Every structure is written in C-alpha cells, then in structure tokens.
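K.L.:
If you want the building blocks of each chain, they are given just below.
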Amino acid sequence: MNSEPLLLTTPSGDALKLRPEGPWTAANVSALETLSRSVGADVDRSRAVTLDMSGVSALDTLGAWILEKLSRRAASSGRSAEFVGVADHFSGLMDEVRQVNRHTPAPAVAQNPVLLRLGDLGRSTVSAREDITVFLQMLGALFMAVIGVLRRPRSLRLTSLIYQLYRIGWQAIPIVVLITFLIGAIIAQQGFFHFRRFGAESYTVDMVGILVLRELGVLIVAIMVAGRSGSAYTAELGSMKMREEIDALSTMGLDPVHVLILPRVAALIIALPILAFIGSIAALYGGGLVAQFYGGMSPAIYIARLHEAISVTHFEVGILKAPFMALVIGIVACSEGLRVKGSAESLGRQTTTSVVKSIFLVIVLDGLFAIFFASIGM
Amino acid sequence: MDESQEEFAIRVRDLVVGFGRQTVLDHLSLDVRRGEILGLVGASGGGKSVLMRTIIGLIPRQGGSIDVMGQPIGGRKEGAAMTWGILFQQGALFSSLTVRQNVQFPLRENLVLSQELMDEIAIAKLEMVGLRAQDADKYPSELSGGMTKRVALARALALDPPILFLDEPTSGLDPIAAGDFDALIGTLQKTLGLTVFMVTHDLASLTTVCDRVAALADGKIVAIGPMRELLQSEHPWVRAYFHGKRSQMLQHEMR
Chain A
1 MNSEPLLLTT PSGDALKLRP EGPWTAANVS ALETLSRSVG ADVDRSRAVT
51 LDMSGVSALD TLGAWILEKL SRRAASSGRS AEFVGVADHF SGLMDEVRQV
101 NRHTPAPAVA QNPVLLRLGD LGRSTVSARE DITVFLQMLG ALFMAVIGVL
151 RRPRSLRLTS LIYQLYRIGW QAIPIVVLIT FLIGAIIAQQ GFFHFRRFGA
201 ESYTVDMVGI LVLRELGVLI VAIMVAGRSG SAYTAELGSM KMREEIDALS
251 TMGLDPVHVL ILPRVAALII ALPILAFIGS IAALYGGGLV AQFYGGMSPA
301 IYIARLHEAI SVTHFEVGIL KAPFMALVIG IVACSEGLRV KGSAESLGRQ
351 TTTSVVKSIF LVIVLDGLFA IFFASIGM
Chain B
1 MDESQEEFAI RVRDLVVGFG RQTVLDHLSL DVRRGEILGL VGASGGGKSV
51 LMRTIIGLIP RQGGSIDVMG QPIGGRKEGA AMTWGILFQQ GALFSSLTVR
101 QNVQFPLREN LVLSQELMDE IAIAKLEMVG LRAQDADKYP SELSGGMTKR
151 VALARALALD PPILFLDEPT SGLDPIAAGD FDALIGTLQK TLGLTVFMVT
201 HDLASLTTVC DRVAALADGK IVAIGPMREL LQSEHPWVRA YFHGKRSQML
251 QHEMR
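Sequence order for the protein chains is A and B. Quick note on the numbering used here: the first sequence kicks off at 1 and runs consecutively. Quick note on the numbering used here: the second sequence kicks off at 1 and runs consecutively.
Worth flagging that the hints you see were computed from the coordinates, not collected in a lab. Errors might be hidden in some of the hints.
What the hints assert, rightly or not - Residues on chain B that point at chain A, a partial pick, calculated with CB under 10 Å:
#1 82
#2 94
#3 107
#4 110
#5 113
#6 114
#7 127
#8 139
#9 157
#10 159
#11 160
#12 171
#13 175
#14 190
#15 192
Please read all numbers here as calculations on a predicted model, not as lab measurements. C-beta atoms are modelled at their ideal positions from N, C-alpha and C, and glycine is treated no differently.
Isolated chain A, as found in the complex (with noise of 0.2 Å):
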C-alpha cells in the first residue's frame, strides 16, 4: 500500500494509459492537483484515454472528481476516455461523480464598474427616500398608539416602560456623569489656557455655562444615549424579528408597535431630559474643579460669574431639544431592527446603520434648533 498518491502515464502511439496509484483522497489534494495537471498536455495530445483504476487504494469524493476532470477533459474534445479496473466498492462512487457538474451555470457576466458605481448611487438615492417613509411611518404608527393609549390608559404597558426607564436611564447615569465631567473640565482648560493670554480669564465661566447648557450637554448625552441605548434597542427587536417573536405578537392580536416600541421611545423621551440635566450639572460642577485648580479662581467666584452669565433661557434652549432628539433615536433604533433579515450579519449591519443614522440626525436636529432658536430670539 503507497502511501504516496502516483499517476503513472504511459503512451502507446496516439493511446495513452493513466494509472492512479495509492491514496487518492482529500488529506493529499495539493500532490493530487500537481499530478493531475502535470499529465494535462499528455491527455491533450492523445488519440484515446484509458484509466487504469485498479492501483488506486483509497479513493472519496474528491479524488473521484480529479480522475473524472481528467478523462472528461479528453472527452470534451471528442476523443475517447474510459476507465477501467475500477474495484467494486469505488464503482459507486465513480458513478455518482459522473452525474455532477454537468450543468454548470453560466458565469456572471462581468458588468462595466462605471455602471455598477452609478447603479449603487441610484440604489442608494433611492433607499434614501425609503428611509425617510419608513421614519415617517413610524411616526405614523407611534402617533396611533398614543392615542391609543390617551384613550385607553390602562393599555400602557408601565412594567415595561418602567424597566426601560431603569435600564436607559438609571443604568445610564454613572458614564454620563462621568463623561460629561470631564467635557466640561476640558472645556474650561481650553478657555483658561487661551483667554489667559488677553486678559480675558473670566469669561471662561460664560464660555462653560451657555455651551455645556445650549449645546453640549443635550448633545454628547444624546449621542451616548444613541450609541448605548439605540444599539441595544435595535439589536434587541432584530433579534425578536429574526426569532418571529414579532410575528407571534401579532397574530395573537397585538400590535407589536404598542407593546415593543412605544414603552421604549416613551422611556427614552423621559430619561433624556434627565440624563441631559444630570449631564449639564456634571459638566459645570467639573467647570468648576477646573476653574479652582487651574484658574485659581475660587468656588464662590465661579458661582456668581455663572449666575451672572446663565439665565433660564439658555437652559430651557438646551433641555427643549432633548425629548426631539430622544424621540429620532427611538424612532430610528426601533424601525432600523425591525428591518433586520434572517442573518447574524443583517443583525450587526442594521445595529451600525441605526448607531451612525441617529447620531447624524441628532446633530442635524441640533442645527435646525440653533436656527430657530436664533430667529425667535432666544
């Protein structure tokens, strides 16, 4: 018994003879591949293919196929192959391999890459508008099951909603904290450090106040309120929506849209408010630190510049947007899973779709509030 897999070839005038010897199996396809095509030219310049089958000492699927390529290459050009000496228990085998890959699709015609480029904008412009009816349906549907709710309030599933509060909004609260400390201590740096030069240290503390309270602070907790909680929004729903438990609420008669999503856009609408009130507070009290230890300016100091510089306006502007932004991160999290598809794959693409749509529309609103705010004056 070889343990080598051979192929011995001997030309007779215009016939030649194959004889695969040894183990023609899976474990030895690279020597099975050089062999085979090593004899390629021979075959293709004789008359008639005989293969002698009778050395062969193992023999499976694979190199059943390489002997079978060898003599359907010969056949293809109308010339003859035949095997011989096959042993009885590899004449199954040998038959089965005779039956496939005779059909063989055509292959995809390569297509212009200029077209297939301008083919993916056009797909993609037209997903776009996809996307802002599936937002606006969502809307839609969100809209009815409020009313549903206003005229049933005992249909508001408050266990549900009171869960979605503890874990986007309780849980949420230490790395918010601790972010948005640290946004705002840097922030006062900055303005230390580069005001210091004209004199201008003061106004570090407006600086601080009327941009953590404006702007940055609804901003940066949306935005991790966005990537921690819409993540786990959409990846939860796409996996229900893989498992068709979606499916099962709704032939029991339930609208998945009142018991899954609005307990979860209701929870974020009343947490990021709080969360970002929560934030701004961090953000000015590390501010604060900052304007003690590197400013040297005094906590009392701080505090009467602050209430000189704040007002209740610069709040109100800042804490108005945080239930809009929360309701686009709901929106978008819970349509984004429900579009997820049977595959792992669909689950992690739609969760990143979700995460990058809602915190571009997060910023977007920012802007579109900045405007209004600006052209009523406040």
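Since the structure of chain A is provided, determine the placement of chain B on it from the hints.
P.N.:
For chain B alone, coordinates are given in the frame of chain A:
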C-alpha cells in the same frame, strides 16, 4: 491495529457525563460498527444529544473513554473535520456565507487546493445531496428547511469524513422530504462507505435506513440491535416507546 479497532468506528466505555449534581449519562457503553447506520432513540431531555456532543468533544466527560476510529479522543481539535462531519439540528450554517462558501469552508480551512477545484467540489457535493448549482449563491436565510438540511449535509460531507453524525435529521421536514432525506443518507452511506450515527425520533427513519437501533434510557443504553429485535425488547421504556399508540399506528400503516 487489532481486530476490534478495525471493526468499530466508535467505542464508548463507561461514559459518565453530568451537569452540576445531575448525572445525564451513567456508565454508558456503546459500540458503533464501521459502515453501519446506527439510530439512537431516547426520551426528550434524556441525553441523546448530550451523548452525541460528548463523542464529538463539545461537552467534557467526567469518566470513561471514547475511541473514534481506533484513536482515543481528547483535546485534539485539529483535523476533526477529517474524522467526522456533523449535521446539527438547525443546520448551523454560517449565515454570513453563501451556500457555496459554507460547503467550501471545511475544504478551505483544512486543505491547500485551488479555488477552481474548490468550486467544482462544492457544486459536486451540492448535486450529490440533491441541490442544483443555481442554489450555490443563495444565503442560508433564503433557504427552506429541507434545503438548509441538505446544505448542512453537503458541508458535513465536504471532506468525505468516515463518520457522519446526524442530530434529528428529519425533524421539521414533511414526510415526503423526510423520506427523500432518509433515502439520500442511505445512498450516500453506501457510495462513500460512511459510518452514520443518527439521533432521531422518526420511527420511519429507524425502520427504513437504520441497520441497528440503540435505546437510551436512565443514562444507559438499555437495548441495541436491529429494529425487529428492539420491537421484541422487554425493557419497559423501550416497550412504551415502540408499542405506544402513535408507534402502533405507524407500524400498522407500514405493514
């Protein structure tokens, strides 16, 4: 190699497997002969899948020994795909790969071969399990239940392993598809000379394709032999299994 190693594909001796305080397999012994189709029956939650997963090394054992093809198993995971192919109950196809890539996966990871040959082998395997070349570029989420099982079988057979494990291969298939699948397993087993270890509840599969049937109850193999011997068995659980109302009905139908 001595005689016994030649004869048996899988030898399980005094196997003990448990989770926490619960013992699932209690000093279980089982021999699977080379080239046979062995069906394993047992109550739901009775340890059938645990036995299979222990043999393939997914669950650690607390005692006993398992020899596969004359080699004791343990630790060594490389080359496992060359020894056995496994058809999981839900197919366990990789959802981010196409059907073709799923079948090629064991080839690509274990062998060095050209892309051309790999494509041909993948199509050959798919055709052998009764699929068409056009299905090769679909993703698992686009397949029906029966097709998923066939693709999973093609993947399990990609490297022509000597042993094939099937976990409830016909569950979730309609009787026609299940019958086709049984016939397919029978044919492939003959052509490729496989040893098949099949966990199943399908009485029709047991009667038509299995050479021997083993019954697992109380963590032990309580009866093993050809189907007609099992029907004669005096063990109370085996009697209840094969002579319950449902089974009687089916056996009447088949006669």
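K.L.:
The structure should be examined with respect to each hint, and the outcome stated for every one.
P.N.:
To see whether the hints hold, each was checked on the structure:
no., hint, verdict
1, 82, "holds, 7 Å"
2, 94, "holds, 9 Å"
3, 107, "holds, 8 Å"
4, 110, "holds, 8 Å"
5, 113, "holds, 5 Å"
6, 114, "holds, 6 Å"
7, 127, "holds, 4 Å"
8, 139, "holds, 6 Å"
9, 157, "holds, 8 Å"
10, 159, "holds, 5 Å"
11, 160, "holds, 4 Å"
12, 171, "violated, 17 Å"
13, 175, "violated, 24 Å"
14, 190, "holds, 6 Å"
15, 192, "holds, 7 Å"
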